[in-house]
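Listed below, chain by chain, are the residues.
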Amino acid sequence: MLELVNITKQYAGAPLLHDISLTIHAGEIVSLLGPSGSGKTTLLRIIAGLEQPEQGEVIFEGRHLRDVPPHRRGIGMMFQDLALFPHKNVFENVAFGLRMQGLARAEIRARVHETLTLVGLAGFAERDVNNLSGGEQQRVALARALAPRPRLLMFDEPLGALDRLLREQLVTELRAILKRIGMTALYVTHDQDEAFAMADRVAILHATRIVQLGTPAEIYRAPANTFVAQFLGLTNLFPARQRDDGTVETGLGEFALPPTGHPGGPSVYALIRPERVRISTTGIAAQVEECVFRAGKYRARVLTAQGARMTIETENALALGATIHLHIQTIELIQE
Amino acid sequence: MRYFLYALPIVFLVTFYFYPLGAILQTSFARENARAVAEVFTDPYYARVLVFTIGQATLSTLLTVLIALPAAYIFARYDFRGAALLRAMTTLPFVMPTIVVATAFSALLGPRGSINLALMQLFQLEQPPLRIMHTLTIILLAHIFYNFTVVLRIVGGFWSNLDPQLEHAARVLGATRARAFWHITLPLLAPALLAAALLVFIFNFTSFGIILILGGARLATLEVEIYRQTVNLFNLPVAATLSLIQLICTFALTLIYTRLQARLARPLRLRPQTTVRRPLARAREKIVVALYLAAMVLFLMTPLVSIVVASFEDGGSYYAELFINRRDSIMYVPPIEAVRNSLFFASATVILAASLGLIAAYSLEQRQHSRMSVPVRLLDAVYMLPLGTSAVTLGFGFILALGGWRASIALVILAHTLVAFPFVVRAILPIVRSIAPRLREAAQMLGASPERVWREIDLPIVTRALLVGAVFAFTVSMGEFGATMLVARPDLPTIPMAIYRVLAQPGLANFGQALALSTILMGVTALGILAVERLRVGEAEF
Chain E
5 MLELVNITKQ
15 YAGAPLLHDI
25 SLTIHAGEIV
35 SLLGPSGSGK
45 TTLLRIIAGL
55 EQPEQGEVIF
65 EGRHLRDVPP
75 HRRGIGMMFQ
85 DLALFPHKNV
95 FENVAFGLRM
105 QGLARAEIRA
115 RVHETLTLVG
125 LAGFAERDVN
135 NLSGGEQQRV
145 ALARALAPRP
155 RLLMFDEPLG
165 ALDRLLREQL
175 VTELRAILKR
185 IGMTALYVTH
195 DQDEAFAMAD
205 RVAILHATRI
215 VQLGTPAEIY
225 RAPANTFVAQ
235 FLGLTNLFPA
245 RQRDDGTVET
255 GLGEFALPPT
265 GHPGGPSVYA
275 LIRPERVRIS
285 TTGIAAQVEE
295 CVFRAGKYRA
305 RVLTAQGARM
315 TIETENALAL
325 GATIHLHIQT
335 IELIQE
Chain D
3 MRYFLYALPI
13 VFLVTFYFYP
23 LGAILQTSFA
33 RENARAVAEV
43 FTDPYYARVL
53 VFTIGQATLS
63 TLLTVLIALP
73 AAYIFARYDF
83 RGAALLRAMT
93 TLPFVMPTIV
103 VATAFSALLG
113 PRGSINLALM
123 QLFQLEQPPL
133 RIMHTLTIIL
143 LAHIFYNFTV
153 VLRIVGGFWS
163 NLDPQLEHAA
173 RVLGATRARA
183 FWHITLPLLA
193 PALLAAALLV
203 FIFNFTSFGI
213 ILILGGARLA
223 TLEVEIYRQT
233 VNLFNLPVAA
243 TLSLIQLICT
253 FALTLIYTRL
263 QARLARPLRL
273 RPQTTVRRPL
283 ARAREKIVVA
293 LYLAAMVLFL
303 MTPLVSIVVA
313 SFEDGGSYYA
323 ELFINRRDSI
333 MYVPPIEAVR
343 NSLFFASATV
353 ILAASLGLIA
363 AYSLEQRQHS
373 RMSVPVRLLD
383 AVYMLPLGTS
393 AVTLGFGFIL
403 ALGGWRASIA
413 LVILAHTLVA
423 FPFVVRAILP
433 IVRSIAPRLR
443 EAAQMLGASP
453 ERVWREIDLP
463 IVTRALLVGA
473 VFAFTVSMGE
483 FGATMLVARP
493 DLPTIPMAIY
503 RVLAQPGLAN
513 FGQALALSTI
523 LMGVTALGIL
533 AVERLRVGEA
543 EF
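Protein sequence lines, in the order shown, are assigned to chains E and D. Each residue of the first sequence is one higher than the one before, counting from 5 in the working numbering. Each residue of the second sequence is one higher than the one before, counting from 3 in the working numbering.
Since the hints were derived computationally from the structure, they do not count as laboratory data. Some hints here could point you the wrong way.
Below are the DMTMM-like pairs computed for lysine to aspartate or glutamate, each with C-alpha atoms no more than 20 Å apart in a straight line [stated by the list, open to error]: (1) K301(E) with E279(E); (2) K92(E) with E443(D); (3) K183(E) with D167(E); (4) K301(E) with E317(E); (5) K92(E) with E118(E); (6) K92(E) with E453(D); (7) K301(E) with E319(E); (8) K288(D) with D81(D); (9) K92(E) with D460(D); (10) K92(E) with E535(D).
Some chain D residues near chain E, calculated using beta-carbon distances under 8 Å [unchecked claim]: (11) Q263; (12) R435; (13) A438; (14) L441; (15) E443; (16) A444; (17) A445; (18) Q446; (19) M447; (20) L448; (21) G449; (22) A450; (23) R454; (24) I459; (25) P462; (26) I463.
Virtual Cβ for every residue (Gly too), placed ideally from N, Cα, C.
Okay, chain E solo, but in the shape it has when bound (with noise of 0.2 Å):
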């Protein structure tokens, strides 16, 4: 439905984005993930016709939009800052793009009405927006993206401002709406909990690139590079080399090869996953050096005896420098 063919953009003479090519189906949600500054608003501006790349294009349901103004392109949009208008009443907010479609009055009625049910604010419509809580304007920017039913919907950080429970609420709220009304979506995100509760896929955006694209599933399961396990919160990383003989030689000592996944390259690293490690009478030598409780279990930092710091989960409290041993049941192997 969209296509992002090759697209390259510049910001004050350094590459923004490089070559960036990724496709949307009809009714899916895709969220691009990535730390501030990698380009994810960019992107979305460059597909809503607010920006120009340098190179590539952008084509929707089989037309190329270079020349199409962002007024004539049919795709919604949720800002960061959600720009209600501060002139307009809720209902003159919504109804905005039903009137620039030349709607006729009983139909934008009805439609605003049955948008603003939708998003759980019936009986707003008279209201200020100025004086509305910040997760009432939410759903008032939300209820004016979806009114004048564009084809394809993408949000710009659009729960950034709100503290984490209700970002959570609103978020599973928010994907079962879209979903309802078979909604396609790009929702831009810095925070990883909130792209894989939301999507369907997830586009990771690092230093210029797409560096995973997949189901949160795959890319948990999977992640493509030390930088999306970091990003996901995999810290347990250590460099490692693959021997000619299956084994697989890092600073804690040798590993089976995993039985599947075997990046190739010189530069290899070892993911040992917290939950993949066990505590026995013997293993790798480690002191602990803080545990705390955290979901239900005790999570651990400890440090090796060959020096290496990892983080484990235990059922039980370990003691502060008491002196334990691992037993690593598996690594897998990603690419740096």
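Using the hints, position chain D against chain E.
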């Protein structure tokens, strides 16, 4: 075309601001005026004027800060019913024309004032017992009355965002209430206090109408002296030199004020006001706050109310008198014509100031990080200059530079436009800037063409701001006194001029007319301010 338009406000300022200031400079430094100018520095009379100017301003400022500080605290920290209304009420004296304030204090405390009349009746006295007219006391009272809200707004505004936890932390660490205030709150409040005090000082330093009317013939500030030297003695070199001294002082003070204001903007981990306010709890607290607020309302409202009440004393005959052209009247026209003149000047000022202000605001709109940001910031400062220049100086500069136009009514309109222009720019600019590029983009994304975006987003938002600016210009013009006194034609007096003239005349009938005219001016001003408050989007700022 666009740049031609952008040049208009600059041309206006160069012709009607910088050129007149240049004329003042030239007159003061001209060789043939050297003797007259030297007089300013040798005659002890002028030293006394300067000392009085600074002295009364300092005293007024200190008293204003002291008296308004509790109000700042109460409105910042306590949540009580009617707080918003009371706070809005305190602005009334400040937005009133100084001539109205002066009349109000005459009407209340003068020999023919309501308090004296009441005391005379009560105790069967022949003479008015309260004789503070033409003394420092009544000037101080009027200045405190006028500037009370400035301290309340600046200090209170800052205070209401100050995290009370800082003071609580000090208390927990063992400080008494007094020590916590002295060591924690006061130092944090200091920049706001200083800024407020400085602004009040500037207003008092250039005080004109209040001193002219309440101070009588013996007391004069620099501002009043410039006026007298020009109008009564026609001693232009001395007036020019005094203007120059005053200009240097006000510019220096304004510069310090802007610096301070920039420092105030520094984030201090401020908190939203609602989390800071709490309801009045203990009975003692309630009584003290209620007593203070009652005294505040009495002090700020009685003078204004007494004008209105006294103006109707004679069953409306004072108003009827306004329409009559008495042979022995000094005006040769019925006083009501002043109302017509003022309305005419104000309308012309609105058109001129609003157009120039709109153009100036759009020329300053450029985004902060653009290549043009330095020139734009400079221009912004230049546009604000008339604000830091006293009205009498502006009028005096007009006489020197544009003396040939003396008979023209254009001078009044131009002077009023000059005074109103910075207000209009300040009313429009933040709004023009607030139309974030995002709003335009959002409209575009919803299917609005560029023309449609301008019509739906820019136009309605700017129109509102322009209306605010226009009403500002209107009220400023209606109440303008200092510059008008110098440049207006005697046969075309404005309302403030007419009030001044009838006040100077003996007899109860004349005083009554002053009251009636003041009531009219007060009503017009109050309506204007009400309209501004209604139209304004977002928070008011100083």
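Tested hints:
no., hint, result
1, K301(E) with E279(E), "holds (11 Å)"
2, K92(E) with E443(D), "holds (16 Å)"
3, K183(E) with D167(E), "violated (24 Å)"
4, K301(E) with E317(E), "holds (7 Å)"
5, K92(E) with E118(E), "holds (19 Å)"
6, K92(E) with E453(D), "holds (18 Å)"
7, K301(E) with E319(E), "holds (6 Å)"
8, K288(D) with D81(D), "holds (11 Å)"
9, K92(E) with D460(D), "holds (12 Å)"
10, K92(E) with E535(D), "holds (18 Å)"
11, Q263, "violated (25 Å)"
12, R435, "violated (13 Å)"
13, A438, "holds (7 Å)"
14, L441, "holds (5 Å)"
15, E443, "holds (6 Å)"
16, A444, "holds (4 Å)"
17, A445, "holds (7 Å)"
18, Q446, "holds (4 Å)"
19, M447, "holds (4 Å)"
20, L448, "holds (4 Å)"
21, G449, "holds (4 Å)"
22, A450, "holds (5 Å)"
23, R454, "holds (7 Å)"
24, I459, "holds (7 Å)"
25, P462, "holds (5 Å)"
26, I463, "holds (5 Å)"
Figure legend: structure checked against the earlier numbered hints; hints not met, in rising order: 3, 11, 12.
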